[in-house]
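Line by line, the protein sequences are chains A and B. Oh and the first sequence: position 105 is 105 in my numbering, straight run, nothing missing. Oh and the second sequence: position 45 is 45 in my numbering, straight run, nothing missing.
Please keep in mind that the hints were generated in silico from the structure rather than gathered at the bench. Please note that a few of the clues may not be correct.
[Claimed, not checked] Covered by chain B, per the in silico footprint, the following chain A stretches (three or more residues, Cβ under 8 Å):
no. : segment
1   : 69-81
2   : 92-98
3   : 102-113
All C-beta atoms in this analysis are idealised placements derived from N, C-alpha and C, irrespective of residue type, glycine included.
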Amino acid sequence: MTRVGTSIATLGVLLAGAGCASEPKPTAELAQAHSLVDQAEQSGASQYASADLAMARSKLQQADLEAQRHPVESLRSAQEATVDARVALARTNAATAQVALRDVDAGTQTLRSETDRQSLQNEQASPAAPLTTQP
Amino acid sequence: MAMQLKSSLSVAGGCALALLLSACATTSPESESALDQARAAVERLQAQPLAAQQAGKALQDARDALGNAEAAERAHRPPEEVVHLAYLARRDAEVGEAVLSEAASRDAMAQAQAQRERVLLQARDREAALARQQSLQSQAQAQQAQQQAQDAQQQAQDAQREASDARQQLEAMQAKQTERGLILTLGNVLFDTNGDTLKPGADELMSRLAQFLSNHPDIKARIEGHTDSTGSDDYNQALSQRRADAVANALEGRGVSASQIQAVGRGKSAPVAGNDTSAGRQQNRRVEVIFSDTQGQFASR
Numbered sequence: 001m002t003r004v005g006t007s008i009a010t011l012g013v014l015l016a017g018a019g020c021a022s023e024p025k026p027t028a029e030l031a032q033a034h035s036l037v038d039q040a041e042q043s044g045a046s047q048y049a050s051a052d053l054a055m056a057r058s059k060l061q062q063a064d065l066e067a068q069r070h071p072v073e074s075l076r077s078a079q080e081a082t083v084d085a086r087v088a089l090a091r092t093n094a095a096t097a098q099v100a101l102r103d104v105d106a107g108t109q110t111l112r113s114e115t116d117r118q119s120l121q122n123e124q125a126s127p128a129a130p131l132t133t134q135p
Numbered sequence: 001m002a003m004q005l006k007s008s009l010s011v012a013g014g015c016a017l018a019l020l021l022s023a024c025a026t027t028s029p030e031s032e033s034a035l036d037q038a039r040a041a042v043e044r045l046q047a048q049p050l051a052a053q054q055a056g057k058a059l060q061d062a063r064d065a066l067g068n069a070e071a072a073e074r075a076h077r078p079p080e081e082v083v084h085l086a087y088l089a090r091r092d093a094e095v096g097e098a099v100l101s102e103a104a105s106r107d108a109m110a111q112a113q114a115q116r117e118r119v120l121l122q123a124r125d126r127e128a129a130l131a132r133q134q135s136l137q138s139q140a141q142a143q144q145a146q147q148q149a150q151d152a153q154q155q156a157q158d159a160q161r162e163a164s165d166a167r168q169q170l171e172a173m174q175a176k177q178t179e180r181g182l183i184l185t186l187g188n189v190l191f192d193t194n195g196d197t198l199k200p201g202a203d204e205l206m207s208r209l210a211q212f213l214s215n216h217p218d219i220k221a222r223i224e225g226h227t228d229s230t231g232s233d234d235y236n237q238a239l240s241q242r243r244a245d246a247v248a249n250a251l252e253g254r255g256v257s258a259s260q261i262q263a264v265g266r267g268k269s270a271p272v273a274g275n276d277t278s279a280g281r282q283q284n285r286r287v288e289v290i291f292s293d294t295q296g297q298f299a300s301r
C-alpha cells in the first residue's frame, strides 16, 4: 500500500515537473552544445565575445542540470546554448578578421610614411625624378 | 441589480475559463515581444545585399527558425516554447550578421594586402632609382676629378713650357742669367755719346724685345740706365734716366703695355767695371733690362 502510494506520488512529481515524462534525455543536443561551446572557447571567444560565451556556458550548465529530470527544458537550454555558442564563434571570427585587417593597414601606413620620409631626405640631398604617388 | 450580478458572475466564469486555457489559447506579451525581435533581426539580415551570398546558411536557419516560432504561435503553443523558438531565430540572424561582417573584413583584407604590395614595390623602385642616380653622380664626380687633374697637369706643363720658351728667347737675345735674374745688357753703342736717343741699329733688338714682352704679358721688365763716373752725379743720374726712358718709350711704341715695364736711372752707382780705363768706362755706360719670372716676380738682390 505504501509502495503503491509512493509510486503514484513519484509519477505525479515526474508528470508535474517534466510536463511530458515520456521525452528522453536530449543526448545529441547536449553533445552538440558542449562541442560548440568548446569550439567557441578555443577560438578566443572569451576575448572577443565574452557576453555570448557566458550565456552559452550558463545555458549549457542549465541543460546539463535538467537533463535527467526535465528533458524538455534541457533540450531548449541545450539548443539555446548551441545558438549562443554559434553567435560567439561568428562574432569572434568577425573580430579577429577585423583586427588582422587593421594590422595590415597599420603596417602599410608605417611602411608608406617610412618610404616618404626617406625619399624626402633623398630629394633634399639630391633632387630625384618625381615618382608617382599612390591614389 | 440581479441582472448585473448574474452578468458579473458570468464574466468571472469566463475569466476562470480563460485562465484555465491560457497555457494554450492566448497570445502572451512575452512571445509577441520575442517574435517581434526575431522578425526584426531576420529582416535586418536579409536587407543586407550580400546576405544570401555570404551568409546563406545562417539566413536560411534564421528563416526556418522564425517559421517554426510563428507556427508554434499559430498553434497556440505555450509562450515559453514560442519565446524559445523566437530566440533561436534571432540568434541565427545574429550569426548571419557576424558572418557578413567577417566576410567584409576578409574582402577588405585582400585589398589591403594588394595595397601593401604596391607600397612595397614602390619603395623598392625608389631605392633602385636612388641607387642608379647615386651611381651616375659618383661616375660624373670621378670624371670631373680626372678632368681637373688633367687640366692642372696641362697648366703646369704650359707654365713650364712658357718659362722655358721665355728663357730660350731671351738667351737668344744675349740675355745672361745672373743672381738678379735674366738680364739683357744694351751696350753704349746703341746710344750717341752723351745722347739719349736710340740709334737705328737698336731697332731690330727693340722689336724683338717688344715682341717677347707682348708674347709674355706675365713677365715684367725693369729697365735700368747706368753711366761711368765721368761728370757730375746729377748729370749722370739724369742721363741714365733719359736713356732708360728712351728704351721704355721705344718698347711702348711697339705695343708693350706700360704696366709691364718700369724705367729707372741709376747714374754711376752700379759699375760693372773700373772707371780708370777707357774700356772699363765703355762697359759701365749701358742700359740693363732685367726680367721677372712668369709670375711677375723679380729675383731678390
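Any hints this thing doesn't respect? Which numbers, in order? Result: no hint breaks.
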